[in-house]
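Since the structure of chain B is provided, determine the placement of chain F on it from the hints.
Number of protein chains: 2
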Amino acid sequence: MDKIRVGLCGLGTVGTGVVKVLESHQEQIKHKLGCEIEINKILVNDLDKPRDIVIDRSWLTNDPGELVENEAIDVIIEVMGGIEDTNQLMERAIQNKKHIVTANKDLMAVHGQKLLRLAKANHCDILYDASIAGGIPIVRTLADGLASDHIEKIMGIVNGTTNYIMTKMTDEGLPFDQVLKEAQDLGFAEADPTSDVDGLDAARKMTLLANLAFKMELNLDDVDVTGIRNVTQDDINFAESLGYTIKLIGIASMDNSKAEVSVEPTLLPKDHPLALVKNEFNAVYVHGEAVGETMFYGPGAGSLPTATAVVSDLMEVVRNIRLGISGNTYIDPQFERQLKDYNEKFSRHFIRLEVNDQAGAFQEITNVFSDQAVSFAKILQLPAEKEGTAEIVMVTHKISQEQLLKSLAELEKLTVVIRMISHYRVDGEE
Amino acid sequence: MDKIRVGLCGLGTVGTGVVKVLESHQEQIKHKLGCEIEINKILVNDLDKPRDIVIDRSWLTNDPGELVENEAIDVIIEVMGGIEDTNQLMERAIQNKKHIVTANKDLMAVHGQKLLRLAKANHCDILYDASIAGGIPIVRTLADGLASDHIEKIMGIVNGTTNYIMTKMTDEGLPFDQVLKEAQDLGFAEADPTSDVDGLDAARKMTLLANLAFKMELNLDDVDVTGIRNVTQDDINFAESLGYTIKLIGIASMDNSKAEVSVEPTLLPKDHPLALVKNEFNAVYVHGEAVGETMFYGPGAGSLPTATAVVSDLMEVVRNIRLGISGNTYIDPQFERQLKDYNEKFSRHFIRLEVNDQAGAFQEITNVFSDQAVSFAKILQLPAEKEGTAEIVMVTHKISQEQLLKSLAELEKLTVVIRMISHYRVDGEE
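Line order of the protein sequences matches chains B and F.
Residue numbers for the first sequence follow my numbering, so the first one is 1 and each next one is one higher.
Residue numbers for the second sequence follow my numbering, so the first one is 1 and each next one is one higher.
Note that these hints are calculated values from the structure, not bench results.
A few chain F residues facing chain B, derived, Cβ under 7 Å: (1) Val-291; (2) Pro-299; (3) Leu-304; (4) Leu-323.
Only a predicted model underlies this, so the values are computations on that prediction, with no experimental measurement involved.
Just so you know, even glycine gets a beta-carbon here, dropped at the ideal spot from N, CA and C.
Extracted from the complex, chain B is given alone in its bound form (with noise of 0.2 Å):
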């Protein structure tokens, strides 16, 4: 076999970046392959559309089948998005035994299980890195799994919209919505942002992660998510006071034999690495048992890094061809699906309550913690706005999550209490 022959589902801007990448790297290709890579076909929908690149007029189609029912064609890479009618198509490309790459991560996310068990079963492979970060290689680090060793922890900055609405009302002091819309305007936020902004894309992500670095198939149901619309600027200013910056990250943890994912504002020490991934960019930040900490940082979408993932995965599904191993990529789940019950679910917590500041108020809330055994690091009493009230922030030691909401339901009770302000996470510090 000297020729893989491609074919190619969606010329948009990712779509082009693909074949320019795929055309100006031939003889690298080949060098690193041993075989060559060429473009058979590519699925458009409208074949008159003027087009910023020079292409084969032969190439185009509308016809779906001209693509995952050609016997010529060895690989489909599918950058065309969509997730029912898209996951129909790469059903018929699989049971054509065809090999796929996708960028695309809402069909990764609803179908990629069944995707892949349907693509292992017919000695095919999925790869699709370019639909997790698009500039970082984590599909790839975590799946070799000598690479990422026995995987105890993983946080990630996996969605760019959201880490940049947080970095813009961190450093600029912006409430949520004007940012929101800023960020609209430039097109890094849909128009429709609660994918986004309520963390469902990120915890599809931490799904697809978790899954591969537990050899566990866990769902997005499994998920605790909690996007970012709360989080206010009150929130950051006593987070920052105490050396803390607020992000959305994504935890998927591993303890005796049970996962616990979850999607959360969390606070960061100013310090850790995964604290300044500004604006825009991803990273993924793993713990391994032998490795230690390692983080890989990059540009979380964008065309050209993305195309470029998209022709990295290309090469590895041809590399497996003429291994003779395709189909192997994607590994059974080894463990029984576990989770954490919340006894067992430990981190530290942020706490912020809007107190009546009268004599007693400060030792009725701390009889609750300790009546729950919560002890703290740090605690800060101020005034609030209100005369006569009095605001406290609190973070606590390590404490369960039955710790934490038995609390949070003991403290509803007390008449001192006026109201639970907000609560987050706290991690990435012993």
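For chain F alone, kept in the frame of chain B given last:
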């Protein structure tokens, strides 16, 4: 070929780690490669030394010939250290068509280019990712011309000892000598710390990285090297007050087909991703044309991270054998070695002067700079310890090395200038 046989040179902590990783990952390796890896012989000094691991006694030998001239062996893993003798042994191995995986940075720095050419001529691979920064797969990232695209700049913290020292000096306000002694007591720094603290070790690694990134054969002599011995607490404090952190940074950049490689104490903005890389950690920041900014962060050394990196390289060698593309890993330099002249090297600089605190002194000094068309982003003047003297701290806009050196030479001639206290490169900002 359903089994690849390995000869392991050296059974210290890294070698022992390699044996352990190979044993505990047999299944995964077979799955990933479609063949098995087996250790055939281990070269040791002392056959009878008690060891941490259970090893088949028949594997051990103290005769190098049993490895490098053994027809059954396909790959030599070199984790025994040393330069000249080791080089000769590796040459013999390559002449006998063995592939090499090495964690030996000194060997690669001194004889790397020659060994790589010899290996290529013999259709053998030499992989050495473990030699640069144990836990970071940076050689692989750079060697893959696609993932790394057209690389414009690399900035690296590639020496753990000096980063540990700079971190302690910065965070704890301790003087260089005291921190060095501590590092030696803890085993982080060697009894003779010259190669670390004077920047040679970092320069060797930057040479290897620059060769890969720019596909140009650069030598150690092409690197401008300044170590950290002369960095004082005052330098660190002034840098801090202007918003910078001082780190020992290796920089390789390419403009108009001309390269520049340096290792020197450098001021980085406190919010640069490299500024937070602390203690003995390493990180390599890569700026590529397509991918943009990426950074890889991890442990610089340590026996387990290094053993893991060695096994990853070994797997790559095996993949290449099975693909029939061995010897292609080394890419011949594609570009003629061209270095920037001193009027083509541009950066910002931090300059500290001690001056007589007399009328007109400041103007005399600024006149010198404006004669060289040097302008400033930041200037501080403050009284110095000695009565009648003052200190001036400046950060220039981007200037050439020529402008810098001419300005400094002119300043020396002024009677108002008592002494040039220090000057450093400033990088990582526009």
